Amino acid sequence: MSTLLRPFAIKSSGDLARLSVILALFGLILFGALRYDNFVSSYNILSFLRYNSMFALIALGMAFVIITGGIDLSVGGTAAMASVVAALCSPYHWAAGLLGGIAAGLAVGALNGFIITKMRIQPFIATLATMLAAYGTGLLLANNQSVSVSYDTGFTVIGQDDFLGFPIPAWIALAVYVLGWLVLEKLPVGRHILAIGDGEATAGLMGLKVERTLAAVYLASGALAGLAGVILASQFGAGQPTEGVGWELFAIASVVVGGTLLTGGSGSVGATLAGALLLAMVFNILNFENGLGWISLSAYWQSVIRGTFLLIVVVLQAKLMARHNAP
Amino acid sequence: MTTIETPVPQPSGTLSPGSRLFTLASRYGTFVAFLALIAFNIAVTPNFLSLQTLNVNLTQVATIVIVATGMTLVIATGGIDLSVGSLMAISGALAPMIFMGQFWQVENMAFAVALAILIPVAVASLFGLFNGLLVTRFSIQPIIATLVLFIAGRGIAQVMTNGNLQVFKNEGFQFIAMGRIAGIPAQVVLMILIVILASAMIRYTVIGRQIIAVGGNEKAARLTGVPVKRVKLLVYMISGALAGLAGLVVVARNSASDANLVGLGMELDAIAAVAVGGTLLTGGRANIVGTVLGAFVIQLVRYTLLANGVPDAAALIVKAGLIVLAVFIQQRADKR
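Chains A and B are the protein sequences, given in the same order. FYI, in this note's numbering the residues of the first sequence are 1007 to 1333. FYI, in this note's numbering the residues of the second sequence are 52 to 387.
Since the hints were derived computationally from the structure, they do not count as laboratory data. Treat the hints loosely; a few may be bogus.
[As the list claims (entries may be wrong)] Derived CB-CB ranges, DEER-like:
1. A:D1167 with B:K280: 36 to 46 Å
2. B:K280 with A:V1251: 30 to 40 Å
3. A:V1251 with B:G360: 43 to 53 Å
4. A:S1053 with B:L75: 55 to 65 Å
[Said to hold, decoys possible] From chain B, some residues computed to sit far from chain A (all C-beta separations above 10 Å):
5. G259
6. I368
7. F379
All figures in this text were calculated on a predicted structure; none of them were measured in a lab. Even glycine gets a Cβ: it sits at the ideal position worked out from N, Cα and C.
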């Protein structure tokens, strides 16, 4: 319940974790800026934002799901399928591509919500199954190959163009994060989501509409994954049915790094964004370090580093939790 | 993951016909599905009743069963092991490196082959211990704890081999997959042996009862003196070792080891086999024979679809539906 009454000061271990991720992010940026020549170049910054907006979107949906005490493993498959749907719809109108991709994401989200709230199957199993189904559907629709998008309807503007000097995907992500912050911090439904994560049974007894809120959260996660799929298709010019493998892990790691507890009941939208940026920044810096030639890490190291990073974060979080729970 | 159920008031005494149906479905559903699949194939799939079909299905199901047996034990304690596929890749990468002399000069091939079997299994079991330590020492949820090696494990295998395909021909080592014992493929014998050992352990040994007790009610188990942490460490180690063994079988069968592919998606197949086989995913139960049946059903579904020209992608969707349906029926039957 502490999260419900949380004042602005650092009161919980969660706040400490959130503060440290933001400090770590600034530390990494400072390190990169001092060490590499082109780190703060507009090219690096813009391509960093353009590429990582997709992951930021998925991380936000995952944050909401994890705050309710659930998990959504289907986001990668959903994004892949949505990218195919968006590519298939893009010849009709750029908006058809956009809406088609989001609708595909919503469909998977609705299915997740139904299986979890109506059939009462654990989120982890339910979304594992829908991940398979989403990949299967994407592959079927795409005939096992990537689907080129239309270049005539302006669909590629979404992923490739800039607006006021910044990439459009970054603007989209920013808008969605502001919306997410409003929902979680300012609207009643945000309190409901936190309360459900604290204890579903209690929230139900308090008269909250648990099932409807949960379904809405999975719907939102699906829609955001769909939006990420649209950006993927638009940015790379093709719907890619085999993309998205491991995206759910990136999203979970971002949320955890952002100090959201995997047990639910607490979490922050801003820190999730910081967590996603921090993880992406680690890889950006590794790329620059490879470029300097001092070390040479093959692409295979990426997953080892990602796993190690996740390990460090969850162990730290477990220790913080243990201290927090101790009298 | 912590879904707390509000107790639903149940009319005492009589069972509604609906819930009796779920109970029947959960008890015999997998078996009926298995028989139905066989009947369907006999009627529809050409050349289904042949020794070759039996061989193909048995050898393909062997690795799933071996991994799913370990997974059953982990799930019985209320945990889950997502790292099995990655551990298969690690052990599959290690074995050829050992008998092809990449670590040290091979002088006695029989000795090298023995090491190429023992060391990878031991390493995989140590990784399992690592999973177990994360779960017990740091109280990290099993999904997240094993997610670490799910991500990093395949990377480790890829870094070890530099992502290269290792091709080999080694009769001694490949006996575990290609060899025959009394006419039965060695990997099938291995599978049967493991299933018998695991079932006996669950049914007749103290540790077996302790595994069930930990999954049924961890607090009560601890209060009655069950060494909960040690039991959990053990099941993750067993799961790791069995995954390691399955990795060896796969590379021996293929005469090649590809760290990018060995065991890919195996965690899903194993969890699906356990779920379809009737072990509750919330723990407290271990139905090894059910898991074997579940693995056969999943294998037969895949075979049926492929043999009748249904694309692989559609098979994924069918598998997803199967998992959801099986878990749904189990939980309904359990709640009656």
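Each hint tested on the structure:
no.	hint	result
1	A:D1167 with B:K280: 36 to 46 Å	56 Å, violated
2	B:K280 with A:V1251: 30 to 40 Å	34 Å, holds
3	A:V1251 with B:G360: 43 to 53 Å	27 Å, violated
4	A:S1053 with B:L75: 55 to 65 Å	59 Å, holds
5	G259	25 Å, holds
6	I368	4 Å, violated
7	F379	5 Å, violated
The structure does not agree with the numbered hints 1, 3, 6, 7 stated previously, though it agrees with the rest.
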